[in-house]
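The listed protein sequences derive, respectively, from chains A and B.
Just so you know, we're using the working numbering here: the first sequence kicks off at 1 and counts up by one.
Just so you know, we're using the working numbering here: the second sequence kicks off at 1 and counts up by one.
It cannot be assumed that every hint is accurate.
Stated by the list, open to error - Label-pair distances were calculated between CB atoms; the ranges are:
#1 B/Arg141 - A/Ser66: 17 to 23 Å
#2 A/Arg86 - B/Leu33: 22 to 28 Å
#3 B/Glu86 - A/Arg89: 18 to 24 Å
Unchecked claim - To give a feel for the contact side, a few chain A residues facing chain B, derived at Cβ under 10 Å:
#4 Val3
#5 Ala14
#6 Arg27
#7 Ser51
#8 Thr63
#9 Leu96
#10 Glu98
In case anyone wonders, no lab produced these hints; they're calculated from the structure.
No residue lacks a Cβ here, since even glycine has one placed at the ideal position from N, Cα and C.
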Amino acid sequence: MSVPIGWFLAVSAALFATGTVGVLVRRNALVMFMSVELQLNGVNLALVAFSRLHGDLTGQVLTFFSLVVAAAEVVVGLAIIVAVFRRARTANVDELSELRW
Amino acid sequence: MSADQVAFLVLAPISVGAGIAMLLQRNAVHAALLLVVNLVTVGIFYLMLAAPFLFAVQIIVYAGAIMVLFLFVIMLLGVDRAEPLEEPIRFQRTAAVLLGVGILAELVTAVRAGVGFRALGPAAFAETGADTAALARALFRSYVLPFEATSVLLIVAAVAAMVLARRRPAPATAEPEGVVDAEEAAPEEVGA
């Protein structure tokens, strides 16, 4: 294992920044959601990299919990998007500016 | 340059490139497939960081289950139409890209100051960390309560998804405005 940990951290920073730009730029609710997943992945990669750097399994445990919470979050988020789409007939967040119908 | 470094230098541009291509892709299905590429490369990074269990979980849960959910919803809703290009707020895209570059610069500076680009981590961890039994011990001894709590979380999420995505027993489903009217007229049916 001869890859410096800092390289992984740089990649995770790039993934996080890409996800941030995606959430801010895209207006399709589903693609925004995927960008959030990209951010989560960047953070998970950083956690595993720090776990390797310090020789401590806590980072891997935290990543495991983060994966579980992400799965639950995706399920609920997609259900909300489906429910909103049924009513408003759009997934474009610019057109979803009202709080109730 | 060792084999590990070559593998990293091949995978890192693929990972970041798939992420950036996902943003530029106007078709939602293609964006989801690019995200799968990114998730698989991140999984291989886990393997290189001596976390084989997380590699398996990443492939099965993320690249498998979650992305299938995404693709199902994209195709179910038919939202793979291209979105309009005009900006509702002026210079929003430019500002967002500048912010992203700023975040990247800040994080890389922090990594450079805090960890540096040479630190390798303990060599012995490559053996003990690759041991999934050690992760299981940490999970089931120190973190048993959070682990049980996640099972509750998953059940709650599944029930919530079913309740949210359930089709209301509304009689009028011919036109969208008819559906809205029927649901506003009979809100007590929803709770029943």
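Status of the hints after comparison with the structure:
1. Look at B/Arg141 against A/Ser66: about 20 Å separates their beta carbons, and that is inside 17 to 23 Å.
2. In this structure, A/Arg86 and B/Leu33 meet the distance hint of 22 to 28 Å, their C-beta atoms being roughly 25 Å apart.
3. Under the hint 18 to 24 Å, the C-beta atoms of B/Glu86 and A/Arg89, about 20 Å apart, fit the expected range.
4. A least Cβ separation of about 5 Å between A/Val3 and chain B falls short of the 10 Å threshold, and the interface hint therefore holds.
5. At a threshold of 10 Å, the smallest CB-CB gap from A/Ala14 to chain B is about 5 Å, leaving the interface hint in force.
6. Hint on A/Arg27 holds. Least Cβ distance to chain B is approximately 5 Å, under the 10 Å limit.
7. With a cut of 10 Å, the hint placing A/Ser51 at the interface with chain B holds, because the nearest CB-to-CB distance is about 7 Å.
8. The interface hint given for A/Thr63 is met, as the beta carbon of that residue sits about 6 Å from the closest beta carbon of chain B, less than 10 Å.
9. The beta carbon of A/Leu96 comes no nearer than 12 Å to any beta carbon in chain B, farther than 10 Å, and the hint placing it at the interface is violated.
10. Interface restraint check for A/Glu98: the shortest CB-CB distance to chain B comes to about 12 Å, outside 10 Å, so the restraint is violated.
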